[in-house]
Amino acid sequence: MRLSLTPLLALTLLSAPAFAQSAPHAEPPSNPVVTPIPPAKDADTTTIDGLMAALYDVISGPPGQVRDWNRMRSLFVPGARMMPVGGKSKDAVGIRLLTVNDYVASSGPLLLEKGFHERELARRTEQFGNIAHVFSTYEAKIEKDNVTLRGINTLQLMNDGKRWWIVSLMWQAETPDLPLPKAYLPAK
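Heads up: the sequence shown runs through residues -20 to -1, 1 to 168, numbered per mature numbering (1 follows the signal peptide of the UniProt record, and there is no 0).
If you're looking for bench data, these hints aren't it; they were derived computationally from the structure. Yeah, the Cβ is synthetic: ideal placement off N, Cα and C, and Gly gets one too. Don't take every hint at face value.
What the hints assert, rightly or not - Pair ranges (Cβ atoms, derived):
hint: 1; residue 1: Thr27; residue 2: Asp157; range: 20 to 30 Å
hint: 2; residue 1: Glu100; residue 2: Lys142; range: 21 to 31 Å
hint: 3; residue 1: Asp22; residue 2: Ala72; range: 38 to 48 Å
hint: 4; residue 1: Asp29; residue 2: Glu123; range: 32 to 42 Å
hint: 5; residue 1: Pro156; residue 2: Asp22; range: 39 to 49 Å
hint: 6; residue 1: Asp157; residue 2: Glu100; range: 22 to 32 Å
hint: 7; residue 1: Asp140; residue 2: Thr105; range: 13 to 23 Å
hint: 8; residue 1: Ala33; residue 2: Gly141; range: 18 to 28 Å
hint: 9; residue 1: Gly109; residue 2: Ala85; range: 29 to 39 Å
hint: 10; residue 1: Gly141; residue 2: His113; range: 17 to 27 Å
hint: 11; residue 1: His113; residue 2: Ala167; range: 14 to 24 Å
hint: 12; residue 1: Pro156; residue 2: Gly109; range: 33 to 43 Å
hint: 13; residue 1: Thr134; residue 2: Gly59; range: 14 to 24 Å
Construct the complete structure from the given sequences, taking the supplied hints into account.
Listed below in structure tokens is the structure:
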């Protein structure tokens, strides 16, 4: 079965207020609680490849598998945002502004309950000095619902001279009205 929402968006929307039916808007983020960033594994943050692999790995697992949310937190700079974009139609699109802790609180229980596996299909990276922009095409499966989803994660990254950090992660799902462009699909 193919659903028209990204898995992260679908799971986030299931546990949060619905998008507005009107013009684009942004929900204000919750009051971020300053929590120490857990130490990261070198393999997760030394390279962009390692960072991307860690991101997909940490949210993936079968029903009942507790995710390592401290590992997830270790990938993001303090104050980073996670932003699902979507809506009920192409004319009613909105965005949710989430901290990593907001995402864990809203989507974590659903990932645990339903099982969720996301993998990267293709990637385009632009880098200048210590900054990088990544377009990562994904395919995800919500195990208990037997649903497969595709879309694009777009990330802004920063290297502080010691490691790579995720500064922001925004995603949008493929829909019948918004198919993935060939340029963002695996080369054949």
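Taking the hints in turn, this is what the structure says about them:
In this structure the hint that Thr27 and Asp157 lie 20 to 30 Å apart at CB is violated, the actual value being about 36 Å. Checking the proposed 21 to 31 Å range against Glu100 and Lys142 shows it holds: the Cβ atoms sit about 24 Å from each other. Between Asp22 and Ala72 the CB atoms are about 44 Å apart, so this pair conforms to the stated range of 38 to 48 Å. The supplied range of 32 to 42 Å is broken by Asp29 and Glu123, whose beta-carbon atoms lie about 26 Å from each other.
For Pro156 and Asp22, the Cβ-Cβ distance of about 42 Å falls inside the hinted range of 39 to 49 Å, so the restraint holds. The hint said 22 to 32 Å for the Cβ distance between Asp157 and Glu100, and at roughly 24 Å that hint holds. The given range of 13 to 23 Å is respected by Asp140 and Thr105, whose C-beta atoms sit roughly 18 Å from each other. In this structure the supplied range 18 to 28 Å holds for Ala33 paired with Gly141, their Cβ-Cβ distance being about 22 Å.
Checked against the hint of 29 to 39 Å, the pair Gly109 and Ala85 passes, with Cβ atoms roughly 35 Å apart. Look at Gly141 against His113: about 19 Å separates their beta carbons, and that is inside 17 to 27 Å. Under the hint 14 to 24 Å, the C-beta atoms of His113 and Ala167, about 20 Å apart, fit the expected range. Between Pro156 and Gly109, the C-beta spacing of about 40 Å keeps the proposed range 33 to 43 Å intact.
In this structure the supplied range 14 to 24 Å holds for Thr134 paired with Gly59, their Cβ-Cβ distance being about 18 Å.
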